[in-house]
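Chains as they are written, first to last, in the working numbering: chain L, 1 to 233; chain R, 234 to 541.
No lab work stands behind these hints, which were simulated from the structure alone.
Among the hints, erroneous ones may be present.
Claimed, not checked - Computed spacing ranges between beta-carbons, pair by pair:
#1 R:Ala288 with L:Ile131: 25 to 33 Å
#2 R:Val269 with L:Phe205: 24 to 32 Å
#3 L:Leu17 with R:Ala421: 53 to 61 Å
#4 R:Tyr420 with L:Gln146: 35 to 43 Å
#5 R:Glu297 with L:Asn5: 49 to 57 Å
#6 L:Thr128 with R:Arg514: 47 to 55 Å
#7 R:Val273 with L:Ile131: 34 to 42 Å
#8 L:Ser57 with R:Arg425: 53 to 61 Å
Glycine is no exception: its CB is placed at the ideal position from the N, C-alpha and C atoms.
Below are the chains, spelled out letter by letter.
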Amino acid sequence: MDWNNFYDKLLNFGPFLEHSNEIWSGFLATIRLSAMAAVLALVLGTLLAAMRVSPVSVMRATATMYVNTLRNTPLTLILLFCGLGLRDTLGFMAQAAPTVSGYWLAVAGLSAYTAAFVCETLRSGINTVPIGQAEAARSVGLPFSQSLRLVILPQAFRAVIAPLGSVLIAMIKNTSVALVAGYFEATATMKQLFDDVGATVPLFFGFAIGYMILTLPTGLLFGWLAKRMAVTR
Amino acid sequence: MRIRQPRKQQGSVLFDAPGPRARWLNRVLGVVTPIVVLGVVGLFVWQLDRKGQWAWALWEPFTEAKVWQSFILPGLKNTLSAAVVAAALALGFGVIFGFGRLSERRWIRMPCGAAVEFFRAIPVLIMIFFAQAGPPVIADAFNRSIEPISAFEAVVIGLTLYNGSVFVEIFRAGIRAIPTGQAEAGYAIGLRKSDVMLRILLPQAITTMMPVIVSQLVVLLKDSALGYVIAYEDLLNAGFVQVKSNFNNLIPAAIVITAIYVAINLTVSYLAGWLERRSRRSRKSAAVPLSTDTSALLATPFSKGPNT
C-alpha cells in the first residue's frame, strides 16, 4: 500500500488550497451569474404570471405557451442554443469579447428558463389567496391591474417565499450548466482542475462544499423569511 | 386546514365582466400583445433569413429516413435508456433512504439525512463529472485499477443520486401526509411498526405520491441532457453534434430536437396531471395527493417535512 498516494488521492486538500485563487474567481463568476439571472427571472416570471391570470385571452395563451415550452426543454439545450445558435450562427453579441458574450448569453438562457418556474410558483401562490380578497378588491372598485398589484400579488408573494427559495436554489445549481454557453464558472474550474491535477476526492468535496455554502444558507434564509412574512389568516 | 372553495375559472375571480372602458382596454391589449410577440418572433425569423437558415438544403435532411435512423432515433434511445435506468435506480435509492430518514434510530436517520441533503445541495453536473473521473482515482489510491467509467454510467450515477434524494423527500412527505389516525388505528389493532408502515401507510402513500413521482421524471429526463457535456451520445448530442457536423444545420436541428423533448415531456407532464386528478377522486388513500410542483416540498433544507 502506497500511503503517500492514498493520502494524495483521498485526503490531501493541498491542491485545492494551491488553486484557491482560481476557485475563488470561479465561484465569484457563479455568484455574478446567479445574481443577475435571479433578478431578471423574477421580473420576467412575475410579468408572465400576471399575463397568465389576465382578462386578455391572447396574453394568457402567450404566457402559457412560453411556460410550457421553456419548462419542458432541457436547460442544457437552451444554453447550448444560446452559445452555438444565437452567437455562433446568428451573430448575436458575436463582436463582444468571449467572456462578456458568454456571461450575457448565460444570463439570458438561465433567466428565460427560470422565469417559467417563477411564473408557475407565483401562480400557485395566487391560488392560495382567498376568493374573498379578490372579491373585496373588486367591490371597492379596483380594476384588474390594481387588484392584482395591491391586493393579490403581495399576498401571493408572501405565500410562496419558501417555494421561490427552492426555485432560486435550483437556479444557483443550474449555473453549473452555463459552461456549455461558454461561461467559465465554478464547475468549469472544477473540470479544468480535474484535467490538470486529477479528480481527487478532496477537490470534489471542496467544490461541493463551495456550492453548499451558496445553496444551504439560501434555503434557510428563505425558510426563515417565509415564516416571518407568512400571511396570518 | 383551510378548505379551498371550488373555483371554476382562475381568471374570473380577479376581474368582473368588463365594462365599456375595460372592454376597450382589453381589445387594445389583445391587439398589442400579438404585435409585440410577432415582432420578437419576426425579428428572430428575419435574422434566420439573413443568415440563410431557411434554405431548404438545411431542412431537407429531416425528411430523410436515414438521418432519423442513424442519428436521431439512436440518440433518443440513449436518452430514454439513461433516463429509465436512472429512474429505476433513483426509486430504489429513494425507498431505501426514505425508510432510513423515517427511522426512529438516530444512527440510521442522521447519515441518511446528511447524504440526502448533500446530494440535493450540489449541482448534478459536478456529480456527473466526479462520477466519471473520480472512481479510477479512488481505485488508484487503493492500488487497484478499474475499467474507465463510461459516459452512460456517469450520467446514470449523477441522475440517480440527485433524483433519488428528491424521491426521498417525496416519500417522506407522502408518508407524513397520511392522517395520523391511520397509523394509530393500526397500532390499536395490534400491528407492529413494520406492519403499520408496509400495510397501512405505504399503500396509501403510493397513491398520494404517484403524480409527483411522475412529474419528477420530467426533471430527470431533462437532466439526462447533461450527458452532452461528457459526450454521451444522447438526443441533444445527436442534434447539436452529429446532424450538425454532417449538414451544418444547427438551427433546424435545434428546433427539431427541442420539439422532440417538449413533446415527450408534455406527455409525461400530462400523465402526471391525469394521475393527480385520478388520485384526487380515488378513495384508496386517506390523504390528498401531493402537489406535482416539488418546489414547495424541497423548499427548506433540514426540514422535518410538511406538517399536515
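Cross-check of the supplied hints:
1. R:Ala288 with L:Ile131: 25 to 33 Å: 55 Å, violated
2. R:Val269 with L:Phe205: 24 to 32 Å: 48 Å, violated
3. L:Leu17 with R:Ala421: 53 to 61 Å: Given a distance of about 59 Å, which is inside 53 to 61 Å, the answer is holds.
4. R:Tyr420 with L:Gln146: 35 to 43 Å: The hinted range 35 to 43 Å is violated for Tyr420 (chain R) and Gln146 (chain L), with Cβ atoms some 54 Å apart.
5. R:Glu297 with L:Asn5: 49 to 57 Å: Given range 49 to 57 Å: holds, Cβ gap about 53 Å.
6. L:Thr128 with R:Arg514: 47 to 55 Å: 22 Å, violated
7. R:Val273 with L:Ile131: 34 to 42 Å: The hinted range 34 to 42 Å holds for Val273 (chain R) and Ile131 (chain L), with Cβ atoms some 35 Å apart.
8. L:Ser57 with R:Arg425: 53 to 61 Å: 57 Å, holds
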